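Visitor: Could you put together the complete structure from these sequences and hints?
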Amino acid sequence: MGYKSTIKTKISRRDFPIAIEMRPLWRISLIVIAIKIVGGDKLYLDTKKLNILVWMLIRSVNWDDYEEYLHGRALDIPFVSVDAATYKAVEFASAKQFIYIEESRLYITEQGCQLFDLLVNVQVMEAERAFLQKNGKKLTDTKVKEITGKLV
Numbered sequence: 001m002g003y004k005s006t007i008k009t010k011i012s013r014r015d016f017p018i019a020i021e022m023r024p025l026w027r028i029s030l031i032v033i034a035i036k037i038v039g040g041d042k043l044y045l046d047t048k049k050l051n052i053l054v055w056m057l058i059r060s061v062n063w064d065d066y067e068e069y070l071h072g073r074a075l076d077i078p079f080v081s082v083d084a085a086t087y088k089a090v091e092f093a094s095a096k097q098f099i100y101i102e103e104s105r106l107y108i109t110e111q112g113c114q115l116f117d118l119l120v121n122v123q124v125m126e127a128e129r130a131f132l133q134k135n136g137k138k139l140t141d142t143k144v145k146e147i148t149g150k151l152v
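Here the UniProt record's numbering is used: the first residue of the sequence shown is 1, the next is one more, and so on.
Don't read these hints as lab results, they were simulated from the structure.
Wrong hints could be hidden among the right ones.
Claimed, not checked - DSS-like cross-link-like pairs, simulated, lysine-lysine; straight-line CA separation at most 30 Å:
no., residue 1, residue 2
1, Lys134, Lys96
2, Lys48, Lys88
3, Lys42, Lys96
4, Lys143, Lys4
5, Lys42, Lys143
6, Lys48, Lys134
7, Lys96, Lys137
8, Lys88, Lys4
9, Lys48, Lys143
10, Lys48, Lys4
11, Lys134, Lys88
12, Lys48, Lys96
13, Lys42, Lys138
14, Lys48, Lys138
15, Lys42, Lys137
16, Lys88, Lys137
17, Lys48, Lys145
Since the structure is predicted, the reported quantities are computational estimates derived from the model, not experimental observations.
Guide: Laid out in structure tokens, this is it:
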């Protein structure tokens with residue numbers, strides 16, 4: 001009772017859309033705006049803090065909940081996880097010299113500052129920038145420890 005099946009392979013040249021969340025340049029831009037806005041004059045962010053901020057930026061449907069927590073109006077700690085795509089974007093951003101990494105800190109470079117200025121000038125990521133300006137500095141080291149389960 002052998003039964004044979006033949007599979008014919010078909011290769012298509014059609015493009016397959018990649019979700020914006022998976023596009024490296026989009027994540028690199030999130031990294032740059034987070035460092036520039038939240039890092040302030042220091043122009044750097046701790047890797048854990050950056051990961052949390054990018055996680056929050058990507059999930060705009062939860063921004064109200066994140067804001068309530070960051071401003072101390074809610075006790076429930078938001079769920080944040082390791083995001084491999086963000087770490088890959090950090091590698092790309094470093095390779096393209098938008099940032100550099102030193103002692104668990106991500107520093108923005110002059111080229112990264114130019115990318116930030118471009119994003120501002122063409123009015124891209126306005127909602128994300130507004131979220132960071134309003135809430136980013138509220139992500140204190142204490143809040144990072146709470147979110148990461150004191151693994152800082």
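Visitor: Which constraints among the numbered hints does this structure fail? Numbers only, ascending.
Guide: As far as the earlier hints go, 4, 8, 10 are violated by this structure, in ascending order.
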